[in-house]
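Peer 1: Residue strings, one per chain:
Protein chains: 2
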Amino acid sequence: MANECDVLIIGAGPAGLMLGCWLARTGVKTRIIDRRATKITRGHADGVQCRTIEIFQSFAIADRLQKEGNELSEVVFYNPDKDGNLVATSRIPDTEPNTSRFRHVVLNQGRIEDFLIDCMNTGGLAVERSMSPLSLEISDSTTESHPVTVKVQHLIPLEKVSESDPSSGLYRSNILSDEEFDRSASKGGKIETIKAKYVVGCDGARSWTRKQLGFSLEGDSANIYWGVMDARPITNLPDLRVKVVLHSADSGSLLIVPRERNLVRFYIQMGKLQPGEKLDASAQSPEKIIESARKIIAPYTLECPQVEWWSVYEIGQRLCKNVSFKNRVFLAGDAFHTHSPKGGQGMNVSMADSYNLGWKLAACAKGISSPSVLDTYGEERVEVARQLIEFDHKVSRLFSGKPAVAESEGVSMEEFQALWVRMGKWSSGTATKYEPSLIMAESTAAKIGLAKNIIIGSHFESQMVVCYADAHAVQLADKLVADGRWRLIVFAGNMGSPNQLQRFNDLCSHLLNAPESPIKKYTPPAADLNSVIEVLTLTSSPRRALPYSAFPELARPFVGRYRYPTYDQIFSDEVSYLDGGGEAYSGYGVDPSGPGCVVVVRPDQHVADVLPFEDCVETLALFFDRFMIQCE
Amino acid sequence: MANECDVLIIGAGPAGLMLGCWLARTGVKTRIIDRRATKITRGHADGVQCRTIEIFQSFAIADRLQKEGNELSEVVFYNPDKDGNLVATSRIPDTEPNTSRFRHVVLNQGRIEDFLIDCMNTGGLAVERSMSPLSLEISDSTTESHPVTVKVQHLIPLEKVSESDPSSGLYRSNILSDEEFDRSASKGGKIETIKAKYVVGCDGARSWTRKQLGFSLEGDSANIYWGVMDARPITNLPDLRVKVVLHSADSGSLLIVPRERNLVRFYIQMGKLQPGEKLDASAQSPEKIIESARKIIAPYTLECPQVEWWSVYEIGQRLCKNVSFKNRVFLAGDAFHTHSPKGGQGMNVSMADSYNLGWKLAACAKGISSPSVLDTYGEERVEVARQLIEFDHKVSRLFSGKPAVAESEGVSMEEFQALWVRMGKWSSGTATKYEPSLIMAESTAAKIGLAKNIIIGSHFESQMVVCYADAHAVQLADKLVADGRWRLIVFAGNMGSPNQLQRFNDLCSHLLNAPESPIKKYTPPAADLNSVIEVLTLTSSPRRALPYSAFPELARPFVGRYRYPTYDQIFSDEVSYLDGGGEAYSGYGVDPSGPGCVVVVRPDQHVADVLPFEDCVETLALFFDRFMIQCE
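Quick note, the sequences are listed as chains H and F, same order. Going from the first sequence to this note's numbering is simple: count from 1 and add 271. Going from the second sequence to this note's numbering is simple: count from 1 and add 271.
Derived from the structure by calculation, the hints contain no laboratory data. Some hints could be false.
Where chains are identical, the list cannot tell them apart; a pair therefore holds if satisfied intra-copy or between any two copies.
Straight-line alpha carbon distances no greater than 30 Å define the calculated DSSO-like cross-link-like pairs of lysine-lysine that follow [what the hints assert, rightly or not]: (1) Lys338 <-> Lys310; (2) Lys549 <-> Lys696; (3) Lys338 <-> Lys750; (4) Lys592 <-> Lys466; (5) Lys665 <-> Lys592; (6) Lys597 <-> Lys466; (7) Lys566 <-> Lys543.
Sequences and hints are given; from them, build the entire structure.
Peer 2: Structure, rendered in structure tokens:
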């Protein structure tokens, strides 16, 4: 007898848990399994980029990350001077101004997973551990509601193998190696058959799911290996609590990333491998890593009384260009892209993969979107993975290269630093821009004219605005919570102008009443007016220009059992009492005295279109009719 | 057989729990008992003033308050116009700019108690419930280490009496009435004898402890009663999610305070009592309160589908001028001052009482300060309570008065609003200034010249500074954590000036080595250099002016088992990468090119003295020798 669920997630690392958050929050019947008996607690990934924190904010867990993590404020570059002595040559901010309302943070992966697990649990979903997939079959029948069958074995853990044991060996991102796994569990447990509408393999670089689909990672390695270590060091290097990018004249390179709880993450260049040579983990030790580090930072000293975790890894980049099979089985995260860890990218791109996939799967599982939206997952995310690998390839080469000192040959430190700065926006994750598709309109000059700084395809950036009802200064993007709803952000303009107020009222009336309006068409009759598509209104005039109670109902709908008024959907672009603001229209490039516009925002916060008030409802109708399914 | 503890706290309301936090954090052997079997969950106090949040920040729990509470941004005044119609006459910020780095928040008392309980639990202290004190005796023996004997009875709860039951009747601040209490518990449980060094009565307006000491509250009531209600209302009054202060022409006054979870706290003027008449709680109901509110806000409508809590209270102010007995038994909070709740002051002043007392009791219990510091508790806090009662008397009179409309007699709304604004800093709690005493130096013109905006007696205000080691923009006052340590904030001046650098190095050397230096004298030989008095350094020059490793050891001591360097004691006054700053010296009124100064800060953040570098060590020696006890 098979157990049915809408979505089965294989692997409970960051990518799998992020997907679990989406599905739990949107009420999709989901299971998430992992082969490991326990979750990791130390080591592994730690870099959290701006866009990832924005995503966490949409699940209301960014504050935990910010509280526990260490914000990175500065990067200092140490290079050899003409005599070969290490000197700090320049200092730059780690997060460039105006990148995001958040800044880069570092925190060990185990805690980040905890936040996602708690978020998922709130939605009623928990990880089922010690569950190993055995087989995957996809039915060709078009009538079957749950066409994917996965057999899984409930494992009996034999002993707890701690990955965070400092003697644990090679760096890997998400999952035990097959050998370690085989040592850790007996396969004698009961076998369960799960039938799912969709299966997502978030099972890391050695993805079992990928192997079942017959897909493979392609790419190669650079035959260079590095050590990585979380320690509490004592050093007379003048900088330790900022990010330090250090190239020695002859002894290799080193990256210092200050972490939470006074830890410091070190990446330390160790040595080369011969072509075909395999990295021998058993020959490595924390002492060897520290010894390499000492050579690199000499004449400065280094002692590490406490090492919390260490590993060694080989630099390489690999990509699988197929990420879905018949829109029924998908890959996310390391299962389709692997690379070296120094850029602090991997965990972020992996979570962004499933952030992209989650709302689409939820909409299809719930029958409110057609399956064709799932095509856009691969279209959008393989390109990001390709860019990631290109970035890593460049940075790794320059990082591991011997610096050019005086007239000698080698890597130009100026070139390296310039690349570092140039890639800042990309590596913050905020530069991701999706191409036109079923769910993404084309940009045109007319649209750019309406909102010069809102880029169709990019995520909707935040500006400080003032909430009409409570006078709070709020980040507008904080209102874009991850709950599966689409949003129309209406730049209403100046409510003090009778003409513009009339235009705005007309628009709201049309959106509320026109039979073709997607709000009318796709909101179930008994549901709240804002339950499928939410309208957020931003006026260019201050709060005093129009009393709250004078706004049309669409802008402040009455919701819930008691029909309470909403107080958090209308905002003004004015200077707040204590937090600045008043620069939203200029920040978005919208004329405060102009005709206004409507920005269509996807559930993952990416801007899908920018429209004038005129023909807005008709254009929206054409757009949503392409993929939305009317409830019966 | 008696059980011994250093401090016995009677009553686990806000005042008792705040005291518990101090004692738990400083490792003092403490017990905290409460008659009630369970804590309150709904209703009661809700206003949290700026200074209280600063205090919470010193215990690292401010973030919980800010996350769950509702920030109050605006106050709007509704008054009758010349025709008697209600109109919004003015809007002002609820927290005046530059009052604090925090803003007023409202949250129900039960959650605030939860935060304090969690903080206390982290230090190993838990509330013992269903414990009723029976007798209190104070030995006159000078040799007894634990001279206070309290007999307590372990109660057997008979039934759970919920105070938050909307039918529960009269408003009271912290504790069940005697009658309710008698109904709720049998007194048949076992009797325990507790011997304590100190006993603190935090047992509310009907304080048992106060009665044992023979002290009484003095004052009277105004024979006016008000209703209070937490509800989710539906109204067409244009403002509901900002604070609304509303005087109707003829139907009385009303205060609206928007709260967490879409609740709204209403204070509603109900009626008058004849002299000698007692308020009859049984005659009151939520319907009567809502009916009174409707008359006041007419012609606007009001519906309250959900009422979470309600009560009625009589306006009155009472004070007990004796707050300690032989420096062995103390009163804190409502036990020595009661008043009407509308100002949002009571819970704040109560917690500030025990925030003042806690570190002094801890220092005495641990034998590092002489008992004479305890004299300053009453000196400092009775004056604050007196001001509170004066404030409440004024505000209540104007609030309950009929407004003067056109030429009619009554309360001037202009006068009322002017008082409201004028009292803003006082009611935020940040204006509290203690007088010269054993632990508080006199101010002089020379001291004011050194730091024009640092007021001896007031708490040390915060400025944004940049942490040397990690380039983080931080609030300097965030470093003043509540751990019982005194602090020297050294305004080091310009480290780019060789002369000033030499002066600073000389000062540090003298503080470190001079036999009379309090750091030398009162820090136990085996303890960390910063364990009794911590030095925080603020330079006027930017971080680049001097490498971190060039600062003297006193400024960045090596601590703990592994002698790790500290990275969080040195700051610069410069513009940070992303958060502004660079205005600390001007904010504090210290000349950035001048000779610098040393600010002495008590464990409760109040500034005890401002000193020049010259004679600093000698003056500090005289000051600390007055009350510190050298360890043996």
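Peer 1: Need the list of violated hint numbers for this structure, in ascending order.
Peer 2: 2
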